[in-house]
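Peer 1: From just these sequences and the hints, can you work out the full model?
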Amino acid sequence: MLTFTIRRLLFAIPTLLFISLAIFLLLELAPGDPMANVPLTVPAEVKEQMRQALGLGEPVPVRFWKWLVQFFWVEPLNIFDHMFGTNFAEGKLRIISWQNRAPVFITIAERIPQTLWVVGTSYVVAILIAIPVGIYSAYKQYSVFDQAGTFVTMIGFSVPPFFSGVLVIIIFAVQLKWFPSIYDTRHVVSDWDSFLVQVRQMFLPVMVLALQITSQLSRFMRASMLDNLNQDYVRTARAKGLREKSVVLIHVLRNSMIPVVTVIALGVPAIFGGAIITEQVFKVNGIGQLLITAIQANDLPMVQTLTFIFAVLIVLFNLIADVLYGILDPRIRYD
Amino acid sequence: MTDARDADTPVGAEIETVAGSAAVMGGEPVLATRARSQWWDVWDQFRTHKGAMVGAGIFLAILALVVLGPLFVEMENGIKSNMRARNQPMSLEYPLGTDRLGRDLFARMIAGGRVSLAVGLAAMALSLLLGTLIGVLAGYFKRLDGPLMRLTDLFLALPLLPLLLVMVLLFREPLTAAFGIEVGIFILIVSAIGITSWMQTARIVRGDVLALKEREFVLAARSIGTPARRIVTRHVLPNVLSPIMVSATLGIATAIITESALSFLGLGFPPDFPTWGRLLNDGVPFLELYPGRAFWPGLAISLVVLSINYVGDGLRDALDPRIRGR
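Protein sequence lines correspond, in order, to chains A and B.
Using our numbering, you'd call the opening residue of the first sequence number 343 and step up by one each time.
Using our numbering, you'd call the opening residue of the second sequence number 5 and step up by one each time.
Hint data in this document are derived by calculation from the structure and do not stem from the laboratory.
All clues stand as given, with none of them false.
Lysine to any residue pairs mimicking SDA-like chemistry, simulated, CA-CA at most 20 Å apart:
#1 A:Lys625 <-> B:Val288
#2 B:Lys54 <-> A:Phe493
#3 A:Lys625 <-> B:Gly270
#4 B:Lys54 <-> A:Asp488
#5 A:Lys625 <-> B:Leu291
#6 A:Lys519 <-> B:Glu292
#7 A:Lys519 <-> B:Pro295
#8 A:Lys625 <-> B:Phe290
#9 A:Lys519 <-> B:Pro289
#10 A:Lys587 <-> A:Tyr478
#11 B:Lys54 <-> A:Ser485
#12 B:Lys54 <-> A:Val486
#13 B:Lys146 <-> B:Ile208
#14 A:Lys519 <-> B:Val288
#15 A:Lys519 <-> B:Leu291
#16 B:Lys54 <-> A:Thr492
#17 A:Lys625 <-> B:Pro295
#18 B:Lys54 <-> A:Val494
#19 A:Lys434 <-> A:Thr449
#20 A:Lys625 <-> B:Pro289
#21 B:Lys54 <-> A:Tyr484
#22 A:Lys519 <-> B:Gly296
#23 A:Lys625 <-> B:Glu292
#24 B:Lys54 <-> A:Phe487
#25 A:Lys519 <-> B:Tyr294
#26 B:Lys54 <-> A:Gln483
#27 A:Lys625 <-> A:Val539
#28 B:Lys54 <-> A:Met496
Model, not experiment: these values are computed from the prediction.
Peer 2: Shown next, in the form of structure tokens:
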């Protein structure tokens, strides 16, 4: 198991390097010019100096190398400094956004809490709903509950978030006026009342996202339970005279959770990046919204850093899912 | 038209599959004795899946409406602004009302549907082509297996929606300059979606080809000196057709959703060129006054995707010989 993990970790390094190169080269083709907004009265040599200051004058391989150093060395040092009050990273050039001339990671750190609140909550809610639903609809296969559940998950699959979001806004915010349609980011949770306000404004985006995630997870849960319910060990457990509850909720459930846990792990990167559309609909200024505005403003360092962070998360959680699978299921041997 | 057929199939789509196909066979002994291709069995199995039949009916109805719509609806009303008829409610003249420039929303929906469905079908075709090509090459030729599968893994590790957005942003200008704005963006969106969605198909096809390659009939074909190209086209491809068909249906659904998402984020087709996602996006600012403007395009997208997903579900069951045989 350990050798497998180490081997996978080592293999992740060239993968990530290649992905970062691909993203870098793709952005290299971008037609946008960060100097386009500088007034024409600024002389050419000053413009050239500004270009140099942004780190643009150098050849492609040098810039790629510098970006790698910044991403993997300077920025972690900064995080370390921030956490322990040291100053290892002093004087080192960080990745600077072209939009607001501030380090990219500071902006990202500002945006992460909103994304984690909204998308993280919906992920937890979705897991809490999907697992019981999946268990029950597999246990009562083809019952009315199962048929209805299948229909709802089909809808959750098919209705894109930009429509379900609009729909819940029409129903709950415009017609019923129960919840606000726009997420107020400046809202600070300080006491019970402000916490309730926070819950109310989170309700709609969480509902939209949770519907989507629930439908995927409950399908997996149902399929996995169905696989296990017909196994011999279930018949043995019943033959021993175990109560139905412990047969289903202990014997079957524990085995069915194995693939579901890995699917849950694989979905975690989406928490950070995948809610781009939902954030846009409800005006949550999280990571996804940051990416959209950066793309629209041609802020290449920001786009590059964010996409690469997403890629790192995807690779990392793929690895975690594989390792988890090996730990949870003793039948699987990687070596 | 599907409803008429649907009525005589047994109720309880999945559990009575066995009884259903037996009833269909038993009810028509003439068919059973006549030589029939396996596609008739697939069709019989498909017919017992109620959701799939309804889904196919809805999808074909929407397709027919969108394709034949211009014969009945004055399409000019969807393009020309008509200030006298601004913000009209639903009426006989304007079935879905008009927008803030007095354009007929129904005509715009039909025009948008043509683009959305065309994008969906074209992107699906491209991603199937890529996926099948890579899957067959990786499965059949051992030397290519490693590199091609690493490539697939790499694509799977890419954050796709951000990259799609970046690609659309980057290649928008050169392509519109080369092909004109409508064709240019159509090519751009179709190829962007196609390039980022072939991986699942490739994996499935590779797995099936790997298994098929070891079967006797392929060995026999090889022993009489059939060149690899013909083994692939004559013996391997027809046998991997069913997984390809299933991923084709699901591919249309994802392609339509992706196109709408891009249009919704304002990175798809230009504003005066309606697609369903674009219309939905245009309707969002007027949500409180005229919710219909965002509702109808969204409903169209969701209905199409839902019906396609049901068709895919039914097709998967129908093409699975383990279920069909019983």
